[in-house]
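Enquirer: If you're matching them up, the sequences are chains F and P in order.
Take the first sequence: its letters are residues 2 to 114, numbered as in our numbering.
Take the second sequence: its letters are residues 30 to 141, numbered as in our numbering.
Don't read these hints as lab results, they were simulated from the structure.
Treat the hints with care, since some could be wrong.
Said to hold, decoys possible - Facing chain P, according to a computed beta carbon distance under 8 Å, are these residues of chain F, among others:
1. 43
2. 44
3. 46
4. 91
5. 105
6. 108
No residue lacks a Cβ here, since even glycine has one placed at the ideal position from N, Cα and C.
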Amino acid sequence: KAGVTQTPRYLIKTRGQQVTLSCSPISGHRSVSWYQQTPGQGLQFLFEYFSETQRNKGNFPGRFSGRQFSNSRSEMNVSTLELGDSALYLCASSFGAVQETQYFGPGTRLLVL
Amino acid sequence: QKEVEQDPGPLSVPEGAIVSLNCTYSNSAFQYFMWYRQYSRKGPELLMYTYSSGNKEDGRFTAQVDKSSKYISLFIRDSQPSDSATYLCAMSRSSNTGKLIFGQGTTLQVKP
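Isolated chain F, as found in the complex:
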């Protein structure tokens, strides 16, 4: 069974631009969560989607948004990029929303210049 896939794996953007990251969950998984990982703040929860509905949202500004499609694939978007948005963005999928079945993807490393 294929794992969680995230594209692209690496991305370089400049301040003020916007970016869209993609996550394909494990087949059969309907819940997708997104996290931001930085050396200073560690792993921080961004949002969670289940069956195309946002179930939870973390404490991030409105520049961070996401969505989930009917095939459970998810995208997150960051508008008006800031230098501090440089991070590893991780996506995790689970069967239902059961934590024991939650698997993380390899992440997308975003560098904002």
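For this one, chain F is given, so just place chain P on it according to the hints.
Expert: Frame of chain F, contents of chain P only:
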């Protein structure tokens, strides 16, 4: 103050040593506790999952939760160089959510 505190290390031990990793937390609503392992350039992988207080053992790994002290631990017996990674504790109020609160992670190096 962060909800979950974890010493970032680094922690360096010789092969075969017993490793103890710990986290403290402030929110008594946390009921579910996890330990993840993250290798360089990889996403975290779930090692241990426990509910409420008590111990759970899986091979060389033992997870302990002491809710009265708001303290969780992960023990690794007979540590191997392949155990060298960052270990992250995580917690949540509910089992039915992807929203986890993570510690900062402890970097472990096991020397041959």
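Enquirer: So, for every hint listed, does it hold in this structure?
Expert: Structure-based check of all given hints:
1. 43: holds, 4 Å
2. 44: With Cβ-Cβ at 4 Å, under 8 Å, it holds.
3. 46: holds, 5 Å
4. 91: Status holds, d = 5 Å.
5. 105: At about 3 Å, which falls below the 8 Å cut-off, the nearest Cβ of chain P leaves the hint on residue 105 (chain F) intact, so it holds.
6. 108: holds, 6 Å
In this structure, every one of the numbered hints holds.
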